[in-house]
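Each chain is listed here by its residues.
There are 2 protein chains.
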Amino acid sequence: MRVRILTGIVLVLVLVAVCLFLDTLLFNAVICAVSGLGVFELLRAMKLLEFKDLVVLSMSQALIIPFMRAGYVERLGAPIVLAVTLCYFVLMVKNSGRVEIGRISSVFMFSTLIPLFFSCAVYIRDDFSGDARSGFYLFLALGAGWLSDTGAYFVGTFFGRHKMIPSISPKKTWEGTAGGIIFCTAVTLLIGMGTERWLWGAGISARVDYRLLFFLTPLFSVAGMLGDLTASAIKREFGIKDYGNLMPGHGGVLDRFDSVLFTLPAVYTAVRYLEILSVMAD
Amino acid sequence: MRVRILTGIVLVLVLVAVCLFLDTLLFNAVICAVSGLGVFELLRAMKLLEFKDLVVLSMSQALIIPFMRAGYVERLGAPIVLAVTLCYFVLMVKNSGRVEIGRISSVFMFSTLIPLFFSCAVYIRDDFSGDARSGFYLFLALGAGWLSDTGAYFVGTFFGRHKMIPSISPKKTWEGTAGGIIFCTAVTLLIGMGTERWLWGAGISARVDYRLLFFLTPLFSVAGMLGDLTASAIKREFGIKDYGNLMPGHGGVLDRFDSVLFTLPAVYTAVRYLEILSVMAD
Numbered sequence: 350m351r352v353r354i355l356t357g358i359v360l361v362l363v364l365v366a367v368c369l370f371l372d373t374l375l376f377n378a379v380i381c382a383v384s385g386l387g388v389f390e391l392l393r394a395m396k397l398l399e400f401k402d403l404v405v406l407s408m409s410q411a412l413i414i415p416f417m418r419a420g421y422v423e424r425l426g427a428p429i430v431l432a433v434t435l436c437y438f439v440l441m442v443k444n445s446g447r448v449e450i451g452r453i454s455s456v457f458m459f460s461t462l463i464p465l466f467f468s469c470a471v472y473i474r475d476d477f478s479g480d481a482r483s484g485f486y487l488f489l490a491l492g493a494g495w496l497s498d499t500g501a502y503f504v505g506t507f508f509g510r511h512k513m514i515p516s517i518s519p520k521k522t523w524e525g526t527a528g529g530i531i532f533c534t535a536v537t538l539l540i541g542m543g544t545e546r547w548l549w550g551a552g553i554s555a556r557v558d559y560r561l562l563f564f565l566t567p568l569f570s571v572a573g574m575l576g577d578l579t580a581s582a583i584k585r586e587f588g589i590k591d592y593g594n595l596m597p598g599h600g601g602v603l604d605r606f607d608s609v610l611f612t613l614p615a616v617y618t619a620v621r622y623l624e625i626l627s628v629m630a631d
Numbered sequence: 350m351r352v353r354i355l356t357g358i359v360l361v362l363v364l365v366a367v368c369l370f371l372d373t374l375l376f377n378a379v380i381c382a383v384s385g386l387g388v389f390e391l392l393r394a395m396k397l398l399e400f401k402d403l404v405v406l407s408m409s410q411a412l413i414i415p416f417m418r419a420g421y422v423e424r425l426g427a428p429i430v431l432a433v434t435l436c437y438f439v440l441m442v443k444n445s446g447r448v449e450i451g452r453i454s455s456v457f458m459f460s461t462l463i464p465l466f467f468s469c470a471v472y473i474r475d476d477f478s479g480d481a482r483s484g485f486y487l488f489l490a491l492g493a494g495w496l497s498d499t500g501a502y503f504v505g506t507f508f509g510r511h512k513m514i515p516s517i518s519p520k521k522t523w524e525g526t527a528g529g530i531i532f533c534t535a536v537t538l539l540i541g542m543g544t545e546r547w548l549w550g551a552g553i554s555a556r557v558d559y560r561l562l563f564f565l566t567p568l569f570s571v572a573g574m575l576g577d578l579t580a581s582a583i584k585r586e587f588g589i590k591d592y593g594n595l596m597p598g599h600g601g602v603l604d605r606f607d608s609v610l611f612t613l614p615a616v617y618t619a620v621r622y623l624e625i626l627s628v629m630a631d
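Chains A and B, in that order, are what the protein sequence lines are.
First residue of the first sequence? That's 350 in this note's numbering, and the numbers climb one at a time after it.
First residue of the second sequence? That's 350 in this note's numbering, and the numbers climb one at a time after it.
Think of the hints as simulated: they come from the structure by calculation, not from any bench.
Any given hint could turn out to be false.
A pair holds if it fits inside one copy or across any two, identical chains being indistinguishable in the list.
As the list claims (entries may be wrong) - Once the Cα atoms are required to be at most 30 Å apart in a straight line, the calculated DSS-like pairs of lysine-lysine come out as:
(1) K512 / K401
(2) K520 / K396
(3) K512 / K443
(4) K396 / K584
(5) K512 / K590
(6) K520 / K584
(7) K584 / K512
(8) K443 / K520
(9) K443 / K584
Modelling step: build the complete structure from the supplied sequences, incorporating the hints.
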């Protein structure tokens, strides 16, 4: 528990450091590194590291996607996406009889979605660049993932009676899940109030739409839990306990960011259509 | 062979009929039907029809994608894509232990790519709507698929000596492949000349970039052959001979359109960047 908390503190410090470079390509690079690590952990979990061609293809995909909106890469977007996709079929044909199509499909699915979902952090940064909204929305995504986890853990420990899906995640209870959603929503509303007040103090006319926040946060929270369950279902099928030990006490990228991986696209999709935080120009 | 030719004639007639409605939503509907049939054939090949939830999800995906650029569906694009994607993870969790993650990933991959690749026909129609280019580019994609097949078949039959990938497709030879590419390129250049002449005759100042056509057609042809090989690799892994018998003598949608499925995105991607046919406004 001590190691866990210490690593947690380091993780928060790294996050703060990353925030300082939010508006530079360094942020893309961090997302790129996290995506690459995530995909690598998954390939290792699926015992596919020996198939070098598949590793090279999926890793390059993980490294390209976070930059897909930057400069030259964007202009060449469609041909790159098509070329990468066709390469998967080349590997299907080439490895036919050695690697099952299902495993190559899994690599395609996860090497596309893990970097794409993480890249939603970059998209949020890009679409609301230069004002307070990008930071708030990123916070919202991280919060929806981690606050739900935390809430579910404590409520589940004290009040958990009814198991949810014991075959995948033996400790999860319905009480914990409900507690996680409620805790996450409550704290998020408080963070919203704090942010609004803080921005006003800094001379920025900001308004949080609390009604939207009240209805959307539970959805973000559920998305995060789905990420958590998916990560567990994969671990269960491949018979591993953790995806890695990069962050002692927290496991690998996919252990720590499993829920955030799903809250990021959920938050990004929502804020493309709905203005949770509006910042008025003076 | 007789049934095959007869069905072929019917197929060409249907194609001509479809061309008459090229600029209406009926064309989207045809692509939608073809995508749906393709995905259905694949689910049947993978013996997944008993998993109703997976069938419903993948079929709805196949039916939505060809309309993704039309009206309301386009405006709600991102949430629809995200919701459908998250549903796959729900099914992964729900069916954990019963259906392998690899099989669900395969369904995700093919139910995304088959409709998306077919929809490139809609995108070509949309992007070059109302002038001669849309028809020419669609023709190019169909030609690259079917002319390569035909060329490879005849050249392979007469001159085929060296087997290419006997484990997947025992009849394919390197001679046939080379013959297919050359035949396809030659006929495509002739079609280009004919189209140019025909358009001039109709009073439209059109110009075909023969150099582009000469360098790109072999690539389209190779893409088509990759489609063919992929379809064979899947059939081989799941131990089936044909995807269906919808078109007697030609098999199912995936048997007849396996190469076209890959030439469509290749042609679409190319013509987004390079102007193979230019039509000058008078």
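Okay, the hints, checked on the actual structure:
1. K512 / K401: Only across copies: K512 and K401 sit 26 Å apart there, 41 Å inside one copy, limit 30 Å.
2. K520 / K396: within (26 Å within a copy, 34 Å between copies)
3. K512 / K443: For K512 and K443, only the inter-copy Cα distance (15 Å) is at most 30 Å; the intra-copy one is 45 Å.
4. K396 / K584: Intra 12 Å, inter 25 Å, cutoff 30 Å: intra and inter.
5. K512 / K590: within (20 Å within a copy, 46 Å between copies)
6. K520 / K584: For K520 and K584, the Cα distance is within 30 Å only inside one copy (15 Å; across copies 41 Å).
7. K584 / K512: within (19 Å within a copy, 41 Å between copies)
8. K443 / K520: between (42 Å within a copy, 17 Å between copies)
9. K443 / K584: For K443 and K584, the Cα distance is within 30 Å both inside one copy (28 Å) and across copies (15 Å).
The earlier numbered hints are all upheld by this structure, with none contradicted.
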